[in-house]
Amino acid sequence: MPAVLVTHADEPLGRRIVKTLFHDERVERVLALGAGAAPRSFDRFLAGSPPRVAYARVDLAKHRPMADLFHSARFREAAIDTVVHVPSHGPSGALASKTHAGPLVSGVPSRTAEARLVLQHSLDARSVTSLIVIGSAFVYPLAPGNANRLSETNELDLDPNVPAEIRSWIDCDMVFHAEVGNHRARVVLLRVPTVVASGGFVYLNPALSGPSGLRLRPIGFDPMCAVVAEQDVARAVLAAVHGGTSGVYNVAGTEHLPLSVLGRWTRRPTVPVPDPVLRAASFAARMLREPQLRASVEGAHLRYGFSLDTRRAERDLGFRPGYRVGLGRAGDGRVQLETAPV
Amino acid sequence: MTPTERLFLDGVQGEVVEPAMGPLTALGSDPFEAADLAEEPFSERLERLRPAPAPRPGLLRGVPSATLPPPRTRPRAPSPESMPRQRVWATTPRLAEVEFAEQSGLLDRLVPESDRRRLAALGHLVDGEAPYDRFGFSPGALRAAFPFFLALYRFYFRVKSEGHENIPAEGPAILAANHGGLLPFDGAMGIVDVLLHTDPPRLARAIVDRWAGRLPWVNVFYARVGQVVGTRENFSDLLEDGQLVFVFPEGVEGIRKLVTQRYRLQRFHVGFIEQALRAGAPIIPMAVLGSDDQAPILFDLKPLARRLGLPVAPITPTFPWFGPLGLLPYPVRYRIVYGEPLRYYERFGPEGAEDPRLVRYLANQVRRSVQSLVDRHR
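As you go down the protein sequences, you meet chains A and B in turn.
Under the numbering used here, read the first sequence as residues 1 to 342, first letter to last.
Under the numbering used here, read the second sequence as residues 343 to 720, first letter to last.
Simulated from the structure, these hints should not be mistaken for laboratory data.
Ideal Cβ positions, reconstructed from N, Cα and C, are used throughout, including at glycine.
Incorrect hints may appear among the rest.
[To be verified] Covered by chain B, per the in silico footprint, the following chain A stretches (three or more residues, Cβ under 8 Å): (1) 78-87; (2) 145-157; (3) 212-221; (4) 294-300.
Chain A extracted, bound-state conformation:
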């Protein structure tokens, strides 16, 4: 039975993955890593003797803490054979999230630095035989129109003018993609589009990331966004943990929503503005060194939509979306995005 290490377990997607792994009887134990204190929702996971879930605070972007962890007795005793890397993606309860793509001392965005260290230490650790990584589907270049059907064989967007936030996802993608053919450990890269969760939460969409509030979009454009429920992302990770394949897989749900509707449903209404306003906002974001803000006002994803070809994941991982995305009424009467099993 696999013993799994999950990074960024204190962020929304990581929490969901830990929860899914905890409830899967085929998983022996879970070691969850996070930058902050253990989330309160982990309390019942951490109970038990011995608990199936352990939590540790580690700064994944720094070499020393990572080396200490992977060479620790705790790691050895846990006999971790699968590492699930969830790149930092969303509003974190602990550390400031705006530095995901911000430069470190060496000039490398933290997301990329984390990816490199996780890969290096995972391949160095003898017990680790599987490395599963969540990537973003916004790494693909988009052609004009709403109907870009993207498969895993599409090239990555190597335009040097790509906003730093998306560039860090591309770098992260390339770091792991290069090891897909590794003979010692299998590497599975799951590219996911906009991830949504009940309660109107949205992650990994450069245009809508960050706290709720108004967003800008170019006037005359309203791109279609492929969405996937966070439960489905966790299910895809579970399928990859138990699967025996390595490779790159697109993972997406069945629904597609225009950016304006998705923004409205997730408390991030979008305001159409002319191009000069967007350019000014982009310039301001550059001056303020706010990569997330820049990605929300610049890039082809604000104009052109896409959908993902998920046949490869269906064939190799046996993954099919099991959750639907729609509107629901919350307890206080507010209408917001909800996910529900099919």
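Place chain B on chain A using the hints.
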């Protein structure tokens, strides 16, 4: 045949020759224009075409095949992208089975109940909780836009149509029509006509050129009313879903015809033939009469169009003299005629799509069918 150049490729000496001008022997030749084909029966031509070896890429026609090295191919495992998708066709219910709530809005009062029933049936094309398909089609948006186009259909263009029995009630099919007029009202009228004359109601998904995706507002409007940017993946997805795809195989060449070329069809693109063969979809030739009269182009300022990044920079009797209003179509009467379905897939199968000469030939045959429909009903 005149040798024009001597080339060396893969160690084999070959001669580049002028394409033979006999019927159907050269890639890109146009049998439609060849006078000697007129007397030859279609079936015989197909038989002659079928066993002909496909031309080797690389301009080595004329070299005896025995001197060529064996093709460097290796067996490939089928990629998931090439796997057929196991899907259920997106179908709409028959009119008698449609359940719809009575609406009392202003727009609803403009549309007769039978037509509203048709619009309600299209809601079944969208799968899932979200009211959009992956291309951005929204039944609600179509319902909002429909009264305007219905008014154009009934009162402005006064469309008359015939041959609806040739449109399949379900399953994948391709409508191939002639294109004309500066603005694509021929497409809009075709979509409305198909919707009003099919049971179960079918939405023709028009394939639009990629440059339309760049246009503010236009791209959103097109997507919401069910039109799709023309890529291979989208085309094959629509056919795999069992939808009715509406193409103008002339492309933008059709809309920038001068008034002197009215109703003379331009060269057809071949992508729709490949898709029809692969998906096993019949092609229904469709003649749209009236579109070439709605905005006769006197001159096309091509250098200006290139500079502005537009497909055409026209001079018409009203444009640019009356400003943007000059682009509005004249209130000509439209006539739409559907021909009998051409089921090439039954004869050639999906592998026929791999033969460029066959595909080109079939495209010319479709063009010939549409042209004959146009000529007969003009």
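Evaluated hints:
1. 78-87: That given contact is violated, which follows from only 0 residues of the stretch 78-87 of chain A lying within Cβ reach (below 8 Å) of chain B.
2. 145-157: holds (count 7)
3. 212-221: holds (count 4)
4. 294-300: Since three or more residues must qualify, the claim that chain B covers the stretch 294-300 of chain A is violated, with 0 doing so at under 8 Å.
Hint compliance for this structure: hints 1 and 4 are not met, and every other hint is.
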